[in-house]
Structure formats: C-alpha cells, structure tokens
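Sequence order for the protein chains is F, A, S, B, L and V. Converting from the first sequence to this note's numbering requires adding 5 to each position, the first position being numbered 1. Converting from the second sequence to this note's numbering requires adding 5 to each position, the first position being numbered 1. Converting from the third sequence to this note's numbering requires adding 5 to each position, the first position being numbered 1. Converting from the fourth sequence to this note's numbering requires adding 5 to each position, the first position being numbered 1. Converting from the fifth sequence to this note's numbering requires adding 5 to each position, the first position being numbered 1. Converting from the sixth sequence to this note's numbering requires adding 5 to each position, the first position being numbered 1.
In short, the hints are calculated from the structure, not lab data. Fair warning: there could be bad hints in the mix.
[To be verified] To be clear about the criterion: a stretch of chain V counts as covered by chain L if any three or more of its residues have a C-beta under 8 Å from a C-beta of chain L, and this derived list gives those stretches: (1) 41-51; (2) 56-65; (3) 124-132; (4) 236-245.
[Said to hold, decoys possible] Selected chain L positions facing chain V (in silico; Cβ < 7 Å): (5) Phe44; (6) Ala59; (7) Pro234.
[Claimed, not checked] Beta-carbon label-pair distances, calculated as ranges: (8) Ala163/F <-> Leu171/A: 55 to 61 Å; (9) Thr239/A <-> Met6/F: 29 to 35 Å; (10) Ser67/L <-> Arg198/F: 46 to 52 Å; (11) Pro232/A <-> Pro232/V: 47 to 53 Å.
Heads up, the beta-carbon is just placed ideally off N, CA and C, and yes, glycines get one too.
Protein chains: 6
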Amino acid sequence: MRILLVNPNTNAAMTGAMAASARAVASPGTEIVPLTPRFGADAIDCNFESYLSAVAVMDAVSTVDTGFDAVVMAGFGEHGREGMQELVDVPVLDIAECAAHVAQLLGRTYSVVTTLRRSVGAIEDRLLLAGQRARCASVRATGLGTAELDADPDAAVAAVVEQARLAVEVDGAEVICLGCGGLAGLDEAIGARLGVPVVDGVTAAVRLAEAVVGLGLRTSKVCSYAPPPGNALTGWPLSHLGGAR
Amino acid sequence: MRILLVNPNTNAAMTGAMAASARAVASPGTEIVPLTPRFGADAIDCNFESYLSAVAVMDAVSTVDTGFDAVVMAGFGEHGREGMQELVDVPVLDIAECAAHVAQLLGRTYSVVTTLRRSVGAIEDRLLLAGQRARCASVRATGLGTAELDADPDAAVAAVVEQARLAVEVDGAEVICLGCGGLAGLDEAIGARLGVPVVDGVTAAVRLAEAVVGLGLRTSKVCSYAPPPGNALTGWPLSHLGGAR
Amino acid sequence: MRILLVNPNTNAAMTGAMAASARAVASPGTEIVPLTPRFGADAIDCNFESYLSAVAVMDAVSTVDTGFDAVVMAGFGEHGREGMQELVDVPVLDIAECAAHVAQLLGRTYSVVTTLRRSVGAIEDRLLLAGQRARCASVRATGLGTAELDADPDAAVAAVVEQARLAVEVDGAEVICLGCGGLAGLDEAIGARLGVPVVDGVTAAVRLAEAVVGLGLRTSKVCSYAPPPGNALTGWPLSHLGGAR
Amino acid sequence: MRILLVNPNTNAAMTGAMAASARAVASPGTEIVPLTPRFGADAIDCNFESYLSAVAVMDAVSTVDTGFDAVVMAGFGEHGREGMQELVDVPVLDIAECAAHVAQLLGRTYSVVTTLRRSVGAIEDRLLLAGQRARCASVRATGLGTAELDADPDAAVAAVVEQARLAVEVDGAEVICLGCGGLAGLDEAIGARLGVPVVDGVTAAVRLAEAVVGLGLRTSKVCSYAPPPGNALTGWPLSHLGGAR
Amino acid sequence: MRILLVNPNTNAAMTGAMAASARAVASPGTEIVPLTPRFGADAIDCNFESYLSAVAVMDAVSTVDTGFDAVVMAGFGEHGREGMQELVDVPVLDIAECAAHVAQLLGRTYSVVTTLRRSVGAIEDRLLLAGQRARCASVRATGLGTAELDADPDAAVAAVVEQARLAVEVDGAEVICLGCGGLAGLDEAIGARLGVPVVDGVTAAVRLAEAVVGLGLRTSKVCSYAPPPGNALTGWPLSHLGGAR
Amino acid sequence: MRILLVNPNTNAAMTGAMAASARAVASPGTEIVPLTPRFGADAIDCNFESYLSAVAVMDAVSTVDTGFDAVVMAGFGEHGREGMQELVDVPVLDIAECAAHVAQLLGRTYSVVTTLRRSVGAIEDRLLLAGQRARCASVRATGLGTAELDADPDAAVAAVVEQARLAVEVDGAEVICLGCGGLAGLDEAIGARLGVPVVDGVTAAVRLAEAVVGLGLRTSKVCSYAPPPGNALTGWPLSHLGGAR
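The shape of chain F in the complex, shown without the other chains:
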C-alpha cells in the first residue's frame, strides 16, 4: 500500500519530519510517499495561507505521476479536503478530522491544542464541517506559531502540556489532539506528562488510511465528491505557469 503524505506548506524539512512520524506507525508493507507543494507559505497560520495551501496541494497531487492508495493531507485545520476528494479516486484523509475520529474512540470528549489563537476558529470550523464538533470540549491555543513550534520542540512540549492540562481540568477533555502537523513526533513526550491519551493527526491519518484501504472502500462519488464537471480551466495546473520551484 502506498500512502501519499502531503505537507501543505513549502517547508521540506517539515515534510521530512512528518514522513518519519508516519513511517514509525505504518504497518509492514505500507510505503509513505511524502510530497511538498511547489508554491505557498512555508508555515500556515491564517486563512489566506490555508486557502493557498489547498490549491498548492491539489496542484502538487495532480502533477504526481505515481500510483497511490490513499492521500493524507497533513495540515491541521487547513482547507482543501473536499476538493482533493473530487480530484482523486482513492480515499483522502485530513489529519484534523482523523485526530478527532481516533480521539472519540478513546474518550467521551476531546480537546485540540494548537498554535495561535487566530487558528482556533479555523479548527473549530473544520471539525464542525466534518461532523466532529459535538464532543469537542475545546480548541486551545499555545500562542506559538507553526514555525516556532517546529523550531523548539522542548518549548513546544511545555506550551502544549500547559494548555492540555487546562483542557482536561477546566474544559473536561478526556483525550488531547495535537493541533499542528509540526507537532508530529511529540505525542509520546506530551502524553507521558498528562496521563491522558494524546493523538497526533499524522499518525492517526496513516493508520485510518490503512484501515479504509484495507476495507476496500473508496470516496463516495455519488454527489458532493464526484469528479469535477469539466468546466473550462485557465492556468491549471498553476505550477506549470512558470518559475515555481
């Protein structure tokens, strides 16, 4: 089984870290194929960057020529999953949604701990659209941006633990989801300090991709995610326009 793991930002080092996390939990026989988009932001902390990443990720996947069995979209709370589900036939898994699905198999409620306060609403909205908001106790922000979390893992762990503890004690969360692709790999360190299950979206999505593919299931094409209807396109794919990486 080949899983295409798409980092939404242009930071190839972060792509590598995510791939390492993914490989650590992948079953024998599962190949992780990492992909970095050709344009966009090197870290994503707002709606503009998120929308840009949605298109950059679709552009990157459209121009990949190898077969794969599933796509994991590794932006936590980013846009784009619904569009990708139209472009490809194989299952598409969003890490925020997968974290929520796994969390709800483990506890009655869950919270997300993410980066900046401005991202809280975006994550709430993604969970709402995925039908996964009812048991979300809270989405909390550490106040550190994606790049900051990525740059200093120790500070990241400390900041996440602080907010996660409040989520458990004040908001009533029973499971914590790490709300940033850049936190991949820190779930054990964080969980060890908290005494509650900690779910990382990238690894959750890899395992759920294996489950769905193993069940022989694919995205429903009957309505919302049918292939694009073929309206005339100008400039697509965008990375063919010119000098993008």
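Model the placement of chains A, S, B, L and V on the given structure of chain F, informed by the hints.
For chains A, S, B, L and V alone, kept in the frame of chain F given last:
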C-alpha cells in the same frame, strides 16, 4: 463609495452581467468596479473549482491598485471570504451570506435554490460557517449547471420557480434566495411568479456593503481576520508566475 | 425614504436621542420619523415591560396616519417584531437582530453587552428566534439598568468597555453589539477604547432598512407574517380606551 | 388549592369549555377559577393577536383580587408566560409547554397538531424557548382556525386525526399534543382513533400545576423572573383606561 | 394509586429513605411501594454499575406480582428507563428526567449538582436523550460518591450548596436539581440556603407520576416502547438463576 | 494482536458469521477471538434485550481469562460500550460508532439501514451519544427483524437495497452503513447494486481496532471511563449464579 465586485469565475461576460445588476441597485455615488480573476474555471460547480477560485480571487484583488471601500465576493457558496478578510482592510461581503442576512429580515425562514445537487452541501456548509443556517428551510437544486443557467434565462427562471415553489409549499420557506451569481437580474421575474420575496445575492451584497461602509465599520482585526502573519511565501501572487491571462 | 423609528418606552427624551443617532447615519433623502408609545414603561428592564411595549408600539404605529417605507423597532431584546410584521406591509427591523446581522458581516463571532443580568436571557432568546445565535459568543450585563445607562453616559461607557473587554478576551468575541437602545451614540467612544468594531443597533437598523427598501423588498406575507385573520377585537386600539397620554 | 385558568381570548364560552375540561381532571380539593381578559381578540390566530393577549392576560390577572396557588395560561403557543412569571409569585404554567412535558414522559418523540399553518412557527418558537424542541417530531396544521375548530367538534376531530396520523407514520411521532386550547375535551375521541397517547394542554397544565404546588415549589426569582424593577408606568393596568368590557 | 418506587442499588436503607421522601409528598390515596433489586451494586457511581442496575431493576420489577399504576426509577442518571417502558404498560418515570421537567416549569435554566465528576457525563447524556438538555446550564460534581453523600447529610448539604452557588452565580442557573437519589430529603435544607428552588428527583417523579396517571395516560406503545418482540431468552429473569439475595 | 469480538446475542451461529467477516478483513497477525454471552436474547430488537445484552457482554468479557488487545462490541445500536470501557484497559469499539466513523471518511453524509422501525430511535441515540449524529442523513428500517435478516440473506439484501436507495435519493446520503451485526458479509453484494460505499460495522471496527492499537493508544481513564470505584457488588458476575449456559 467604490465597491470592488469580484466574479469568482473567469467568464468576463458573467462579470459584466453581475456588474449591471449591481449598478441597478447601487445608491447614487456608489461606483461598482468589476473584476475577473486571471486563472480558474469559467463556471464553478464543484469544490475543486471553488477552492481554485478562492485563490484566484485573492490573487486578483491583491494585484488591483485602485482604492475601494468594500469587496463583494460574487460566488454563491464559494470558498475564500475568510482569506480575503485578512488581505484587505475594508469590509468583505459574500453573496450567499448576504442573501441569507437579507432574507431573514423579510421572513421567518428562507430557502436557497441553486444549480446542481452536488452544490447543495457546499452552500449548506457556507451558511453553517456564517452562522446563518438555523432558519434555512432547505437548499434545493434545479439540476442545471452554472453555465446552463447563464445560457438560457427562460429555462433558468422556470427551473428555479419549480424548486422555489416546493421550498415554499413543502419545506416551509417564506423567502427565496437565488443560489447562483449567474441568476443575477432574474429575481424580479422569479418573484413575480411566486408571491414571496426573492433575494439575489449580488444586489443584496451591494446594498449591505453600502450599509456597513455607511456605518463607518470595518472587519474586526482582533483575531480570526488579522493580517497574515508574514510567513515566507513562494510564488505569490500566482498570476505573476507566467502566462496567465 | 421615510423610516418610522419607534422607541418602545414612553421616554420622549430617549426617543429624541435615538432619532439623533439615526439621522447621523441616514443617507441623504432618508427621513427619520420618531414615535413614542402612548402607554407602557419609561424604561424597559423585564419581560412584563417588554410585552407591554410590544403592544404599545403596535398601538402607536396603528394610529399613525402618515406613509413610511420601513419601521425600525428600537428596543434591544424587546418583544413584538413578529406582530408588527403582520400589521404593516413595509419591512420591520428589530435593532437587536440588525446589530447581530451587521456584526456577523465584520467578524467571526460577536458578543452583546447589555444592562441588567435579568435581560441576558431575553436577548439570547430574541437572537435564537431570529436565527442569529450560533455565532454569538456571549451576552454580558453591565449591571446598570436602562435608565441608569441613559442618565450617565460616562459611567455607561466605562461599564460597557469593561464587559466588552471580557467578551473579547475571555469569550472570544470579535465584534461588540451595544445591547440597549439607550446606548445609541456611544458606539464610537466605546469602539475607540476596545480596538474592535462596535455596532449600535439603532444605526445598524436604519442602514439595513435603507438597504432592504433600496432592494425593493418587503416582508413575506405567505405564512407567518400574513395580515391578521380578522378575528373580532375588543378594545383595539388600546390608546383609544381613554385617558392615555 | 386554587388554580387560576386564564383563557387568552375574549370568548367567554371557550373559557367555560376549558374550565369544564380542567375540572374533569382536577384532584379533589382543587378549585378551578376561570378568567377571561377584558380586551383582545375572540380567537387567536396570529402574532399580533397573541401579543395583545399576553398583555390582556397580565392585565386581567393583575386586577383579580382573590388568592390562588398557580396560574395556567391556556393559549397554545401564545406569548406572555415570562411576563406573568414576573408579576405573580405562584407557579405559572403554559399549556403548550405542559403538553410537551407530559408527552415526553410517555414517548420518545411527540408532534403537535394545531390550527392554521401560520401558527406552526409560533408554536415551534415557544417550544424552542422552553427547551422542549429537541424531541418534537413536527408541528402540523389542520388548516382550520381557532374559531372553526371550536365551532364544529366533529370536523375538528377528523382534521386533527388526519394530521396526527401523518405525524405518527411520516414524522415518527409517538405521542400527539393537541395544539389549541379550543380542542380541550376532544383528546379522548382523538386518542381512541389513533392508538397513541393524546395530550391536551389544559388538562396537562392543571395536573402539572397540582404537582408543582404539591412539591411546595415556586418560580425562581433569582434572575429572569424577578419582580418588575419598578420603572414608571403609564396607563397600567390598561383595562382601567376606559370603556373596556 | 400505587406507585412502584425502585431503588437501582441494593442498599435497602437507601430504599427506605427514598420511600419516606416519596410518602412525604404523595397525595392522599397514593401508596408508595418500595423495591430493592436482588443483585447489583450497593451504590452506583459508574457506567458498569449503572448498566447492571438497569437489568437488576427490570429483573426486580418483572418478578413483582402486585398491581401498580406507575413505576418511578430512582437512579439519577442511571440507564434503563427505555427498557422498563417496554416491559410494563404503566407510565415509567426516571428521576433525573422528572427533576429536569419540574425545574423548567420554575425557571429559565437549571443546573444539576451530583456526586463524582465521572458521573457528570452520564447525567448530561441522560438529559440529552430525554430532550431536556437545551436549558441545562451545567451539571456540577461535589466530588463525593453516592455512599459518602448518603452517610453524612451535613457534609452533603454543604458540598451541594457550594456547587449550587457556583451554578447560579457562574453558570446562570435559576433552579437546582439534586443529582443523586441519596440526596432525597435534603432539598429543603439546601433550598433554604440558596434562595432558588431546589428540586429533588424522587419527589418530583412521584408527583409527575400522579399527574400522568391522573390524566389517564400511558406509555406510547406504537414504536420505541412496544412490548419486547419475543426473541428467545436464556437465563431470564436473572435472579432465578441461583443464590442471589 | 488479539481482538475479542463479542456478539451481544446468544446465537452462536451469528457469532461465527461475524467472526468469519472479521477474519476476512483482519491484517496478517491479527487473531479474532469470538465470544458469545451466557445469557440474554438470541436476537436483539428492543431496549430490554439491548440492556440485557450489555450486562451479558460485560459478564462474558469479565470471565474470559485470555489476554487481548481490543474489544469489538458487535451489536449495532446496543447499549454497553461505556461500561465495558471501565472494565477493561484495552480499547473498546462499538460497531455502530465505527461504521459511522468510517462512513464519514468517505462521504459528506451517511445513512444507516437497520432492522425494525422501533430500532431507529435506539440507533439515532447511540450515534448522538457518540457525537456522530451531525452528518447522519437518516436511519431507515427495512421492517425485518434481526433473526429474519439473518435467516434469508437474499431477502435481506433486497430490503436493504430498497431503503438504501431512498436514503441516497431522498435523504441525501452518500454512504450507507449496514445497521445490524447480522448483515455482516453482505456489504459487497449491497454496494454493488447501489454505487455508493457500503460500510459494515463489524469489519470497520476490526480495522479501527487495529489502527488504534497500532498507534499505541488506549481508553482514557482520567474521568468517564476510569475503573469502577469498588462499590460492593451482589451477584456479580451474574453467570456464576447458577445454571446459565
């Protein structure tokens, strides 16, 4: 007052029709500045095209050099409003949301009549995110795509009237919103046959833009729609990459 | 365009202050016609007074003989809008609902800051019935009654700013609505201290009335707000009964 | 125990019929004191008439000089309960809410069958505000007005049975509430034809009033329903103004 | 009228205390028949014990040979009501649900104060399933287990008062429900300290049972609570298996 | 990895069929350990039987002496998952919830097709409690009981296809979940006729169990699902009482 009216698709004729509708209701002293994106689809009937339009519209607005007092985003149910609110300081108005706001000033419930069945979910989601879903009785589809509705106004009117009547009689709607930017200009013909108020999103948005600007109000920059944080960008704006229109 | 601006309480000075606010934002050519009911409370801080005002306002409007293009009901959280929509053909705009509509065009969430704690539930209920509660972060009370807020504008500003700050910092509000007709005129002073948009219901309603009238739209008469069915009435209009002002 | 049973309309014959129903289920020692308001509509089929009744009922109760242990407000879906709870110390029971409470003790879901289609929204709103909407399968209209239902009991039974059957078979209701005070006394005839429990609001409210009074409980005065704050009133009580009945 | 009052736990002393509470509010002519299950836990503080009690209570009621007019299930937040409604023809009343129903007749919002934090979710879920969650301001825990509350009434009162005060002041509750069958009899002592109505589920259920029986109503058998379909059973009733008490 | 697969009913043939389905999708190295309870119903079509199964399943699992890595509870819409999560340390997966989780990874909405109409509410309630109801388009009944579905697979397929088609065409479902453990193994036959993904709960749960175990995660023990507090038990485990199978 100058209102930038952005068509999400690349169809300049549709831009022109929208601008004509907008000018017909604009107050004296309001200038409508139409804008067509440089890349994307010439009609939008799926999530992929919608996400592409979100970025194309942000690209187009980013590269316009004239001052304006508000932006009207003329895609019904398309993505992107949250990103645009970060990129500009002036109020940003989405036509689906504006149609819903006006409809709820006129009746206890409203329905939307749109194009293809696959777009129903996308419109429901946009209304949900805008906090405007509670009094939405239904979103109904005519089964005609955006280009079809645009090409044959008589057929468009008939198809919309049929679904709107069901919305009123079966779903309990008291107001009808026209769920496609390409229906601009047909609201009176449709309303005359139905006996209920019919709201067109483009004209609603123009008038709400005047209202908000007239009140001296602007988008809140305290959290969700603060300016982008300045992460490094590759390839932005995209239309500078190469040969796009 | 003539807009009938109805104060729900019997305090003519407050009617005058509201009219001044309304005129300050009205477009050229819009005439504001203020109206004070003939019976009821001189300030409204409970359900009993609110219900009484609903009938007093309908009584007053029923007995006005001049033509007008819209009715603005200037009680924040008061009852009666649905009844007025049955009695008149022109659009009817409630200031609490209009404040919420405008707020949601400016930010992802909003809070209301009002008078007494006992009014919080009434405002929540009005927003709920209007389908505008989903993005309401909170309704907060200053602890000052309507008359107190009206009597001491400086104290009113300070008390509102204190609660509004908590709404932004604790509840996650991005826009503040002033939850009392008597706060009309203080929105700029309050907004200047907060750094978030502040919406006054009276001015919002005037501008939305202009928008709706400008669109050529009227209240839907197909169901909920059809004219009264003509059941026999005793004692209506009430102000004809006797010695009321 | 004395229960004040207030008919919201001015039709004394309907007051008498309600009182007869109430007495038929009242426990030994419970006295039913019927009351008809001095002004308003002789049947209530719209919001205007409903608001008028809310004030007329408060006026009537305010001017009754005998002691009572509870107030039953016998308008199904009418306004006013919150105001009455401020004016009196004893428990106040609304018949629509009481029907819903009892229905939910008997089945997983319930529907209401009422008069005109225009009243459906008003009843939905009242149930929503009372926190009783979640298990409401539907509110259905017979198309007959209050006066029509009252005038022809056989036609009323047939019309209610037809809609109730649809509520059970199509909407999944397990209990039916009779959505009009004028249907009091027909619950057994209707229930016999349907095979599901049929709840009449007047009798339900009388029995719930006995239950609450028997428990020694009264309306909470800590916040929403505290006594009116004493703002100056003009013209209250209204029936003292002049020639009202 | 004979009301079967079933304690879900095996603690006969607690059954006796509940029966005493019930008798104190029962109307003349109402006989309270207490019942203790033959197996299960002697106090219930978790889902395992709660599920066990559901079956033990059904077992006990199935093997009672005397006629009764209603069943009161005296576990606050315990499972089983839906099953019991299938097994018997008479009305079945759950004390948590009955407390919520009565509370909502007395105030706009209510809170529950219960035992351990782990029971909060179970009570929220029961209220949700009963359609009674919308006006629930909060469910708060004292941190004392069922047995502890039962053993030391003074400590129980103090702990409940502390949380109830927070429910009123912080969460906005207007009525308090005592969230544990073992608190029966303490409602007056607690209410006296709080100034808000305090509802005990056991007494509320007894009075509601009288109301429903007095109305001549029974559980709807049309769908969810029809008699069991007669699938073959092994080992039922369980208490016939062997040496249970 | 060893997965304990617990059939809630006493029908060992159905346990065998479920185990065969489970093994067909299990990964290499995953052992399926089937378990049949010692008491209860041989098919489950009501709340009484469901509650009984919850306790019978906990009884059976409590008395199994071999180690396992996860428990799959194979009753669709049955009670008990929360209790099992307290009794064991390993992850516990309910097939109704797992079907919903997988379905939502594949389409925007899903419907469940189940057995008798009386079970619709029970399934809706289970999905509601699991936080998985928001995107559930409908739960539809074939009208065939569990034993009937099990006895005649061809009739089962035809009946499920008929309701599933209505779910897709009328209710807007994009994925179908088979709402009965007894339908295990028919998903492919049904999916082939419908053109939408069909999810079987047993196989979904097995694959999700592998995913969760593979991620090294376990049930949160911080609150709702902590081990039972140790209240004294009478008669537990129940199957030790006497002559049960």
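Checked hints:
Coverage of the region 41-51 of chain V by chain L holds [criterion: at least 3 residues with CB-CB distance below 8 Å; count 9]. Under the rule that three or more residues need a Cβ within less than 8 Å of chain L, the assignment of the region 56-65 of chain V holds, with 5 such residues. Only residues whose C-beta sits within less than 8 Å of a C-beta in chain L count toward coverage, and the region 124-132 of chain V has 3 of them, enough to reach three; the restraint holds. Counting residues of the region 236-245 of chain V whose C-beta lies closer than 8 Å to any C-beta of chain L gives 8; at least three are required, and the coverage claim holds.
About 3 Å separates the beta-carbon of Phe44/L from the nearest beta-carbon of chain V, less than 7 Å, and the hint is met. Because the smallest distance between the Cβ of Ala59/L and any Cβ of chain V comes to about 5 Å, under 7 Å, the interface hint for this residue holds. The interface hint given for Pro234/L holds, since its Cβ lies 5 Å from the closest Cβ of chain V, which is under the 7 Å cut-off. Look at Ala163/F against Leu171/A: about 58 Å separates their beta carbons, and that is inside 55 to 61 Å.
For Thr239/A and Met6/F, the hinted distance range of 29 to 35 Å is satisfied, since their beta carbons lie about 31 Å from each other. The hinted range of 46 to 52 Å is satisfied by Ser67/L and Arg198/F, whose Cβ atoms lie roughly 50 Å apart. Look at Pro232/A against Pro232/V: about 51 Å separates their beta carbons, and that is inside 47 to 53 Å.
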